[in-house]
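Protein chains in written order, with our numbering: chain A, 798 to 1304; chain B, 798 to 1304; chain C, 2 to 165; chain D, 2 to 165.
Heads up, a few of these hints could be off.
Claimed, not checked - Partial chain C-side listing against chain B, Cβ under 8 Å, derived:
hint	residue
1	Gly-10
2	Val-38
3	Leu-39
4	Pro-42
5	Ser-46
6	Arg-48
7	Lys-52
8	Ala-53
9	Glu-55
Quick caveat, the hints were computed from the structure, so don't treat them as lab data.
Even for Gly, the Cβ is constructed at its ideal location relative to N, Cα and C.
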Amino acid sequence: MFKKILIANRGEIAVRVIRACHEMGIAAVAVYSEVDRASLHVRKADEAYPIGPAAAAQSYLNIEKIIDVAKKSGADAIHPGYGFLSENAKFALACVDAGVKFIGPTAAAMEAMGSKTRARQRMEKAGVPFVPGISKGLESLAQAEEVAARIGYPVMLKAAAGGGGKGMRLVESREQLKSSLDSARSEAQRAFGDDEVYIEKAIINPRHIEMQILADEHGHTVYLGERECSLQRRHQKVLEECPSPVVDPEMRRRMGEAAVKVAQSANYTNAGTIEFLVDQQKNFYFLEMNTRLQVEHPVTELVTGLDLVHLQIRIAAGEKLPFSQEDIRLRGHAIECRIYAEDPDNNYFPSPGKITLLLAPSGPGIRRDSGMYEGWFVPVDYDPLLAKLIGYGTDREQAIGRLSRALNEYFVGGIKTNISFFRRILADPEFHAAKFDTGFLDRLLSRHADNPKPDAESQAAAAIAAGIFSALGADAAGRDERAATDGARKSPPASNWKSAARREALS
Amino acid sequence: MFKKILIANRGEIAVRVIRACHEMGIAAVAVYSEVDRASLHVRKADEAYPIGPAAAAQSYLNIEKIIDVAKKSGADAIHPGYGFLSENAKFALACVDAGVKFIGPTAAAMEAMGSKTRARQRMEKAGVPFVPGISKGLESLAQAEEVAARIGYPVMLKAAAGGGGKGMRLVESREQLKSSLDSARSEAQRAFGDDEVYIEKAIINPRHIEMQILADEHGHTVYLGERECSLQRRHQKVLEECPSPVVDPEMRRRMGEAAVKVAQSANYTNAGTIEFLVDQQKNFYFLEMNTRLQVEHPVTELVTGLDLVHLQIRIAAGEKLPFSQEDIRLRGHAIECRIYAEDPDNNYFPSPGKITLLLAPSGPGIRRDSGMYEGWFVPVDYDPLLAKLIGYGTDREQAIGRLSRALNEYFVGGIKTNISFFRRILADPEFHAAKFDTGFLDRLLSRHADNPKPDAESQAAAAIAAGIFSALGADAAGRDERAATDGARKSPPASNWKSAARREALS
Amino acid sequence: MIYDVSIDGHSYRLELNRSDGQWTCRLDNQSVELDAVLARPDVLSLRIGNKAYEVKCERVADDLHLWVGSVRYSAEVRDPRSLRSRSRSADDHGPRKLTAPMPGKVVRILTPEGQSVAAGGGVLVVEAMKMQNEVKSPKHGIVQKIMVKEGAAVNAGDVLAVVE
Amino acid sequence: MIYDVSIDGHSYRLELNRSDGQWTCRLDNQSVELDAVLARPDVLSLRIGNKAYEVKCERVADDLHLWVGSVRYSAEVRDPRSLRSRSRSADDHGPRKLTAPMPGKVVRILTPEGQSVAAGGGVLVVEAMKMQNEVKSPKHGIVQKIMVKEGAAVNAGDVLAVVE
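Extracted from the complex, chain A is given alone in its bound form (with noise of 0.2 Å):
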């Protein structure tokens, strides 16, 4: 086993493989960029080394900066956590080069799954359903014309390095065809640094539900079951379930051997999830595999009872699957929210500052994976994901009552955040009843006047305490703390907005 591990991360994943490498009694060596200093990340690390900046491109991307640091620490190995370098490639070769274990896929692996219309190719081999469309970049104009002819409209035009909804376009006609492909072309372009975009049919209100696989190095690969991810906003998770409500266990079966089948055909080890579209007939559709950790691993690990980090250092340290196929069981049932710092008020824009007040959830079938804390400045130059709440029940409906209960408990003061939307999804009726698809929370959103009428009574609650909080003015206000902690920058240096980093595309 290694005794020692480099995380080359930041925020709550940072955290969450930190304390995998405690449990597990191996140090955690910890990077961070100038304005991370006072971040939980290095609180809770055996050793900290500055790595720059505070864009990623200088500090968390820096491939060279980090391998060093490794080397300097002694570090046996790298998790990559998700984002930043975890599917980079180059990355998983410099730490070969390095003699450091990475955790995760070979750089062979990830580069067959990286390119969309690649990894197209490799399922039409391996006979594994895919959305109908072309598995190269188009050519041209007539060719785009001739196969949305042949599928049939509406088709999506899709980058090739794409994700978070970049350099991606709904076609409904003939006639939008050309400037769709003119837009989605240059979109990519300055997203990925590469125009290539290809076509398929659009599937219509789907539901996007991926599926966890795990393989040693012996050659042993098993399904974890699967996660309901059509929960989005503008593209991006908001809220994953595990299991999916409309996925049974041979729909399970049949999705899990496909999507073993997709990783066995790229030599895939380490953690994995292989993506699908479901359609309202609940064919399934192979849509692309993620080569890392999952934002939302951690419904999985509450429903079959285990540890996903712990797991992926086990499997790169050479051990084998600890489990088969058989052993594996859900049970019951868990939801995970994405909490960000965004501005409920003001269309989901990020809200950085520092939090003056923080009042944490737990209790029964509740799960914290945080990287905030009471005092901390949320720093404006990163993906503003804080912190994800994770209810755990004997059935879905008991998570949702847990989750629901726990996001009343929950609250964030200096800054916004989108807490409150979380309570209005688990409010509705049709979220309730699972009947959902990815475009559900924008059309939730677009309701803009449906929040739940408030009763009278609590809203003279509030009409009260508002006078209270003015009564007793700055004593009784959390922002004006005395103490001038290190964590709470009371201005982030001018520096930081030249370099601010593009929020990571994350799903």
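Got chain A sorted already, so can you dock chains B, C and D onto it with the hints?
Chains B, C and D alone, transformed into the frame defined by chain A:
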């Protein structure tokens, strides 16, 4: 289903039951004594009623006041938690008279199991093994000598109404019998107002293992697996786990079936626990039945995937058990630590006071059931249980790893706690090997100086930190918070002291 | 003390007095039995009659929200006799300050000084995490003053411009 | 600034200076590369070289403990040039104050004023939650003064008696 439940308790268990109510869409009514207005259970309730002074006899133990609140609030059921009125048959009867459902067994079932001697008589009839001895109170010294000679020394004298080790004496030889009998009688009289004492064979180095049962009001009784409760200090449980490391499936089945027999013999309904002593040959003997929810119920919840409080409420509402014995499966391993306000530097003497800082652990496999919050004044009047920290893992090793990690994250400032004691237990090689019995902790504590030799580096870090805290002065100190919250009474009113309630003997 | 309180646009007249830690309270001229405990800064445990509420106060820049159980209310409080008065009510008279809704960088000025702007019209653009946000004028008027330059880093609550 | 620090009985001489938020540090005359951030009051994130430590400060009455990772150290700090000096070191000269280790009630006085007491001998008994705790004399001497009566409620840190 009930619309509104009154919780006749305080502290972490009141919070835990309020959460269950909210998860099920039921309104929760809190009651509180004068010193508990700022307590967490009052903050979280939908209604809250003052019920008198700090002294439990005048508030939490006052049947009349609590029934009065139930009527005033329109509650249709009462959950008693543990301790206080939870095993009080008169209270259960008063609920019946008031037309409010008592969430627990009937008064008759409580009385049948409440006296240890009567329970022994019942076990004799039902054919459940119990420790050799007599099932009636001792009438004379001569009788005691006769029985002791027959079953063989060492023997144990026990109060029939007993609990918490009071009125209990280990007798090694005939010479000690008279004085031990006298002192056991007078201690039992003082503690329980009843000097009935019986005799049984002393089991040397036993384990204390208990079986959770659930019975609905339609004649179905199931067992939910055992809990290992051998880790006790002064006859008080400190750390519990599920499953027991020494119980195999066959032994679990035999103990479970014996437990179901015990419950059925008393027409028992709702949740209950049958405690067994287990000797070194793994023979188990009925010890007593606890006719309520146990402090340590979360370990069973994590391993079975069930919510015992939800099920208690459903059973009391007349629902049938939603599963049968075959559906119940133990998966993984869970360990609970009882976090007390106790001073490890001073023989674990209670340490009430203001909580100036609270760092709470979370993350994978960690459940925290807490009644405290930062800024709260832990009152001097009640049991010093602050919270329960429960770790779950795929196996016992992972549960220990996660719990150790979480204990390192747990910090309570302003008062002293027993958190460091748990770190010591979890680091002990014999604990890892699961080699323990009910005397383990007292032996561990007597080995005074075996603290893990701190490494020089972390000790130097402590020295440097001490200097920095001095240099930063009051600005760096949590205890001088400017905001005068009401949760923190600067000084408890003197009157509390006159009426300080006896620490509840809970097991 | 008398307050004009607005909760999600609904106005209340609130009379609050405190002596010996006990509150007396009248809401819209109805007497209210009130018991309030500040559990932590920004966290109140209220009892109104025997109903219990935990109310949390969310203060971000000039925005005030109160959380009561699962509901989040926007709140405005005006204390007619105090300088702690705060209001963003629809008073169209006098100059109005535009403040930064969150820390960020000013990337563009849409309406320069001296030009007129409609109610709801954008005055400048603030960016954080590569997302851009228009700061809009609450009223029709003239941009009297722009206090920041393009490229400036600003904090939540900083005054960016004044519309007259 | 120079401090005498004792950690679990082990003495250190510590030299600490701060300028521009940067610390310079010498421990027992060895230079130490130090980077410290106060994450919250009583919580320090330390980097010593590249080793990282989270150190929490437990202050209860006169007791000072530091938690470093999983280890809890008792600490004493003496600042020779400051009034914030604190020490309970084995200095047998001069009067010594006995303080209440926790809130409680004085239930019994064991050694009245004017009587002699051995080192480790009980002077009075404080009770909380029906558990009783002897407050002991740190040195051999005469009980010069008892500041509390039987039955009095006391807070943690209150001076209960002085032994000379």
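Structure-based check of each hint:
1. Hint status for Gly-10/C: violated, given a least beta-carbon distance of 26 Å to chain B, over 8 Å.
2. Interface restraint check for Val-38/C: the shortest CB-CB distance to chain B comes to about 4 Å, inside 8 Å, so the restraint holds.
3. Nearest Cβ of chain B to the Cβ of Leu-39/C: about 5 Å, under the 8 Å cut. The hint holds.
4. Satisfaction of the interface hint for Pro-42/C is found here, the shortest Cβ-Cβ separation to chain B being roughly 4 Å, below the 8 Å cut-off.
5. Hint status for Ser-46/C relative to chain B: holds, with the closest Cβ pair at about 5 Å, below 8 Å.
6. Interface restraint check: Arg-48/C against chain B, minimum CB-CB distance 6 Å, threshold 8 Å, status holds.
7. At its closest, the beta carbon of Lys-52/C sits 6 Å from a beta carbon of chain B; the interface hint therefore holds under the 8 Å criterion.
8. Taking 8 Å as the C-beta cut-off, the interface hint given for Ala-53/C holds, the closest approach to chain B being about 4 Å.
9. Hint status for Glu-55/C: holds, given a least beta-carbon distance of 5 Å to chain B, under 8 Å.
Of the hints listed earlier, the one the structure fails to meet is number 1.
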